[in-house]
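Trainee: Whenever a hint applies, use it, and build me the whole structure from the sequences.
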Amino acid sequence: MNSVLVVDDEPTTTDLVAHILEEKQFSVVKAHSGQEALEHFSTQVIDVVVTDIRMDGISGFELMRRIHVMDSATKVIMMTAHDSYDMLLRALQGGAYDYLKKPLDDHSRLQQSVQRAVQFTKLLRENHELVASLKHSHSKLAAANHRLVEMNQTLKILANTDSLTKLYNRRYCDDILDKETLRHNRYQTPLSVVMFDVDHFKSFNDSHGHDTGDEVLKHVANILLDSARTTDTVARYGGEEFLVVLPETSVDNAKAFADRALKSIADFQIKINGNSHYISASAGLVGTGDAPVEITTRELVNCADSALYEAKKSGRNISMIYSDSAQTKEESERIGLSNQSIGAESDSGDVAVESNLKDQGSAGSNAA
316 MNSVLVVDDE PTTTDLVAHI LEEKQFSVVK AHSGQEALEH FSTQVIDVVV TDIRMDGISG
376 FELMRRIHVM DSATKVIMMT AHDSYDMLLR ALQGGAYDYL KKPLDDHSRL QQSVQRAVQF
436 TKLLRENHEL VASLKHSHSK LAAANHRLVE MNQTLKILAN TDSLTKLYNR RYCDDILDKE
496 TLRHNRYQTP LSVVMFDVDH FKSFNDSHGH DTGDEVLKHV ANILLDSART TDTVARYGGE
556 EFLVVLPETS VDNAKAFADR ALKSIADFQI KINGNSHYIS ASAGLVGTGD APVEITTREL
616 VNCADSALYE AKKSGRNISM IYSDSAQTKE ESERIGLSNQ SIGAESDSGD VAVESNLKDQ
676 GSAGSNAA
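Count the sequence shown with our numbering and you get residues 316 to 683, in order.
A portion of the hints provided could be inaccurate.
[Claimed, not checked] Calculated lysine to any residue pairs in the SDA-like style (CA-CA distance at most 25 Å, straight line):
hint: 1; residue 1: LYS345; residue 2: ASP490
hint: 2; residue 1: LYS628; residue 2: THR545
hint: 3; residue 1: LYS345; residue 2: ASP413
[Said to hold, decoys possible] For each label pair, taking beta carbons as the anchor points, the in silico distance ranges come out as:
hint: 4; residue 1: ASP493; residue 2: ARG544; range: 54 to 64 Å
hint: 5; residue 1: GLN359; residue 2: ARG380; range: 11 to 21 Å
hint: 6; residue 1: ALA457; residue 2: PRO418; range: 48 to 58 Å
hint: 7; residue 1: HIS453; residue 2: ALA571; range: 46 to 56 Å
hint: 8; residue 1: LYS627; residue 2: ARG544; range: 20 to 30 Å
hint: 9; residue 1: GLN584; residue 2: THR611; range: 11 to 21 Å
hint: 10; residue 1: THR469; residue 2: GLN359; range: 50 to 60 Å
hint: 11; residue 1: VAL360; residue 2: HIS397; range: 25 to 35 Å
The hints are simulated quantities; they were obtained by calculation from the structure and are not laboratory data. It should be emphasised that the depicted structure is a prediction, and the values quoted were computed from it without experimental measurement. From the three backbone atoms N, C-alpha and C, an ideal C-beta is built for every residue, glycine too.
Mentor: Next comes the structure, spelled out in structure tokens:
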């Protein structure tokens, strides 16, 4: 049932208004002062307030102001025996829904005004509830979206990175290399690829355990990350193999990068049971230069792998630059390519061999 609070310091007026409204099945609460009205309003659900303007203590204007502070949706109808335009204007500007003149001879006018005010109040309250619900839903949706973004980022990291070293994995590295080879093929931008492999890693694992071997791989990964630029891609490409993609990099600069990284790896001391052990790595690299020759990701990786193989054969702990004229048919078959896929052979040329920046003879002898 719709509830109406009737406020007037004259009991005859409150009784009359209550009687008129009860004829239309309104539930009426009577108050004879502004203070009493506020007490009723704070403890009951009131849809509309019908109040006199001039009352002792809290006036109708002040009562309306306080009610709107408590519930802005509740409509207030003002009554007064004073026919003053200024008072009418003040009432409407203050937020009154309607303004009725006493004596209330037109009962239907009061009933209709209260009925419309009740409808207005209920619609406003429903609107406020909907807005609040939408805000809550928006907040929940925003939180859910934030969580979804975090989950997608986590899934992306899991999909693209190696769990041990936290480097990019082979699949992601191949995707990057595909993009870089396409860029090279279109714009002839220089591109270099370096493949690293930890020397004698299987023997090291067998001798010192996989946990220690994992620590070695993580340390090598950190060295490569520290040595690379932010524009480079460093990936764990296999068990103890790492691949670094160097965009906009000549083969000479790639060689300098590889040698710096190899020196840092060889300088690394591993403490096992109080004894110092050293490791080393080998590197094979290939560069496209600025020659307008189309290449594929597979060709680049296979050429780097072939150069790495030569570095291993030549004593390890060194880097080698790939030269297609030096590859024999046997080497081509080892990396799974025909001679045509890696370049035509010729009777001259060789793989360029350069030692690391520091003589690591003693380090190599200590490597597992």
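Trainee: Would you mind marking each hint as holding or not holding in the structure?
Mentor: Status of each hint after checking the structure:
| no. | hint | in the structure |
| --- | --- | --- |
| 1 | LYS345 to ASP490 | violated (78 Å) |
| 2 | LYS628 to THR545 | violated (32 Å) |
| 3 | LYS345 to ASP413 | holds (19 Å) |
| 4 | ASP493 to ARG544: 54 to 64 Å | violated (20 Å) |
| 5 | GLN359 to ARG380: 11 to 21 Å | holds (19 Å) |
| 6 | ALA457 to PRO418: 48 to 58 Å | holds (56 Å) |
| 7 | HIS453 to ALA571: 46 to 56 Å | holds (55 Å) |
| 8 | LYS627 to ARG544: 20 to 30 Å | holds (27 Å) |
| 9 | GLN584 to THR611: 11 to 21 Å | violated (40 Å) |
| 10 | THR469 to GLN359: 50 to 60 Å | holds (52 Å) |
| 11 | VAL360 to HIS397: 25 to 35 Å | holds (31 Å) |
The structure fails to meet hints 1, 2, 4 and 9 from the earlier list, while all remaining hints are met.
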